[in-house]
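Peer 1: The listed protein sequences derive, respectively, from chains A and B.
So for the first sequence, our numbering puts the first residue at 1; every next one is plus one.
So for the second sequence, our numbering puts the first residue at 1; every next one is plus one.
Incorrect hints may have been included.
[Stated by the list, open to error] Some chain A residues judged to face chain B by a derived CB distance under 10 Å, without partners named:
{"id": "1", "residue": "Q37"}
{"id": "2", "residue": "F42"}
{"id": "3", "residue": "E58"}
{"id": "4", "residue": "N102"}
{"id": "5", "residue": "Q104"}
{"id": "6", "residue": "G109"}
No lab work stands behind these hints, which were simulated from the structure alone.
A virtual CB, placed ideally from N, CA and C, is assigned to each residue, including glycine.
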Amino acid sequence: DTAVSQTPKYLVTQMGNDKSIKCEQNLGHDTMYWYKQDSKKFLKIMFSYNNKELIINETVPNRFSPKSPDKAHLNLHINSLELGDSAVYFCASSQDRQGVVNEQFFGPGTRLTVL
Amino acid sequence: QQPVQSPQAVILREGEDAVINCSSSKALYSVHWYRQKHGEAPVFLMILLKGGEQKGHEKISASFNEKKQQSSLYLTASQLSYSGTYFCGTEDSSASKIIFGSGTRLSIRP
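Generate the whole structure from the sequences, applying the supplied hints.
Peer 2: What follows is the structure, given as structure tokens:
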């Protein structure tokens, strides 16, 4: 059984389109994250949710909107895609305690290419 | 603020040792180490909490000096399977998140 899964694995789309990436974890963790890894391999946190509540919202354009329907799912919707959004997006989950970050389990990543 | 990792890249022969350093300008609560192989997701190696502890994971160990706000990852008798990019992630006491360094690319040659 896959611990953290993401769909789709690859996403190729035109500038200006809207797309979504889905993430699910079956580890029973309370906290989920979205990270962006660019072509230089910088791994940058975008959002985190704890029990469906937004905890971290880094300086990410408003075009990015996370949604957590339940604590096992964290989706990422991106409006009006731009060339600079091309990257690998990783979902991760962890069982954090009292705000202390624990071991994170990463999904396989979604490679987004904006043409 | 992003921690600084050094070196940026290392090339070793199988069996050699390596040290990867991670330093921060902020007081740290913990340091996390991950390894990412090409085309794959980052995989957790270990967490070090403040208190100056040292941890081991097979032939990979790490230390954390909270006064110097530094951590080092030690890879001894490297194996081909150790190849990949190593990231340190730092957590300060207020953050509830880890900030990753820019990574150290480790290549092991037979």
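Peer 1: State for each hint whether it applies.
Peer 2: Results for each hint:
1. The criterion of a C-beta within 10 Å of any C-beta in chain B is met by Q37 (chain A), whose closest approach is roughly 9 Å, and the hint holds.
2. Interface restraint check for F42 (chain A): the shortest CB-CB distance to chain B comes to about 6 Å, inside 10 Å, so the restraint holds.
3. Annotation: E58 (chain A) was flagged as interfacial toward chain B, and the flag holds, the nearest CB pair being 8 Å apart, inside 10 Å.
4. Interface restraint check: N102 (chain A) against chain B, minimum CB-CB distance 7 Å, threshold 10 Å, status holds.
5. The restraint placing Q104 (chain A) at the interface with chain B holds, with a minimum CB-CB distance near 6 Å, inside the 10 Å limit.
6. A cut of 10 Å between beta carbons decides the hint on G109 (chain A): the least distance to chain B is about 6 Å, and the hint holds.
Of the numbered hints given earlier, the model fails none.
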